[in-house]
Amino acid sequence: MSFLKKLFGGGSRETKVTIEPIEYKNCFIVPTPMRDGGQFRICGKITKVINGENKEHTLIRADTLPSLEQANEMTIRKAKQVIDEQGNRIFG
Numbered sequence: 388m389s390f391l392k393k394l395f396g397g398g399s400r401e402t403k404v405t406i407e408p409i410e411y412k413n414c415f416i417v418p419t420p421m422r423d424g425g426q427f428r429i430c431g432k433i434t435k436v437i438n439g440e441n442k443e444h445t446l447i448r449a450d451t452l453p454s455l456e457q458a459n460e461m462t463i464r465k466a467k468q469v470i471d472e473q474g475n476r477i478f479g
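Residue numbering for the sequence shown is 388 to 479, as defined by the working numbering.
Just so you know, these hints were derived from the structure itself, not from any lab. Certain hints may be false.
Stated by the list, open to error - Subject to a maximum C-alpha distance of 25 Å in a straight line, what follows is the list of computed DSS-like cross-link-like pairs (lysine-lysine):
id, residue 1, residue 2
1, 435, 467
2, 465, 442
3, 412, 467
4, 412, 442
5, 467, 442
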């Protein structure tokens with residue numbers, strides 16, 4: 388678990404991670420929605436080990452949702468879409 392904690396350390400604007408990382412196409416997705424007024428902005432981290440090096444991409448969208456659960460679900464959906472469309476290019 389400490390390996391995952393190293394990969395997914397959060398910033399002060401992000402909410403506490405409330406779900407386990409989701410593995411998708413050799414990447415890990417961690418939703419980290421940000422509070423924005425009374426709502427939550429879609430935000431998360433996509434990580435992958437490439438050639439022995441940890442790569443990370445922060446996903447932030449303008450969309451806001453009323454609940455943390457909805458923001459987590461939408462973050463996962465958007466992250467999968469980015470992985471499908473861009474593959475490893477998101478890390479370069």
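Right, here's what the structure says about each hint:
1. 435 / 467: holds, 13 Å
2. 465 / 442: Holds, at about 18 Å.
3. 412 / 467: holds, 9 Å
4. 412 / 442: Within the cut-off at roughly 14 Å; holds.
5. 467 / 442: holds, 16 Å
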